[in-house]
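Throw the hints in and build the complete structure from the sequences for me.
Per this note's numbering, residue 13 is the first one in the sequence shown, and the count goes up by one each step.
There's no promise every hint is true.
Unchecked claim - Listed next, the in silico DSBU-like pairs over lysine-lysine satisfying Cα-Cα at most 30 Å (straight line):
#, residue 1, residue 2
1, K103, K73
2, K88, K110
3, K73, K110
4, K103, K31
5, K103, K88
6, K73, K88
7, K31, K110
What the hints assert, rightly or not - Here are the simulated distance ranges between beta carbons:
#, residue 1, residue 2, range
8, K110, E57, 17 to 25 Å
9, E40, A76, 40 to 48 Å
10, A65, P29, 14 to 22 Å
11, A54, G115, 22 to 30 Å
These aren't lab readings, by the way, just hints derived from the structure by calculation.
Where a beta carbon is used, it is the ideal one built from N, C-alpha and C, also for glycine.
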Amino acid sequence: MLNFWPSNRPLLPDLTPVKDALRTALGEADEAERPGLERALAIVEEFASADQAATQDWARKTLAVAGVDPVAQEVKAVRALRQARHGLGLKEAVDLVKSLNAGDS
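Structure follows, in structure tokens:
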């Protein structure tokens with residue numbers, strides 16, 4: 013069984029534009045608005061970080077079960093992740109494998 017990530021779990025969209033918008037708003041905010049925007053930015057950053065860690069953990073487990081080394085077999089790793097999680101796009105799978113490899117350096 014390859015799928016440790018429930019198939020009904022939605023893929024998290026890239027939150028970079030949200031973080032950028034909050035940072036821009038924070039830069040333009042008055043003193044009354046700053047605390048709320050700072051808290052909102054912290055929440056988004058924590059959420060994105062926690063989800064990325066869970067996603068990387070799922071990917072490592074999936075590739076281990078499949079017997080695929082993401083460093084030595086990047087293309088096979090991308091394919092294995094996409095087969096395990098229908099709806100995972102090519103770019104997302106490539107980025108995920110790259111993030112795993114960057115963490116192994």
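Okay, the hints, checked on the actual structure:
1. Of the supplied pair hints, the one linking K103 and K73 holds, its CA atoms being roughly 20 Å apart against a limit of 30 Å.
2. A distance of roughly 13 Å separates the Cα atoms of K88 and K110; the hinted pair therefore holds under the 30 Å criterion.
3. This hinted pair checks out: K73 and K110 have alpha carbons roughly 16 Å apart, not beyond 30 Å.
4. Restraint check for K103 and K31: the C-alpha separation of about 20 Å stays at or below 30 Å, so the hint holds.
5. A C-alpha spacing of about 14 Å is found between K103 and K88, which places the hinted pair at or below 30 Å, so the restraint holds.
6. Between K73 and K88 the CA atoms are separated by roughly 15 Å; this keeps the pair inside 30 Å, and the hint holds.
7. Proposed proximity of K31 and K110 is supported: the alpha carbons are some 22 Å apart, at most 30 Å.
8. A hinted range of 17 to 25 Å for the beta carbons of K110 and E57 is consistent with their spacing of about 21 Å.
9. For E40 paired with A76, a C-beta distance near 46 Å keeps the hint of 40 to 48 Å intact.
10. One distance hint, 14 to 22 Å for the beta-carbon pair A65 and P29, holds here, with the actual separation near 21 Å.
11. Checked against the given bound of 22 to 30 Å, the beta carbons of A54 and G115, roughly 23 Å apart, stay inside it.
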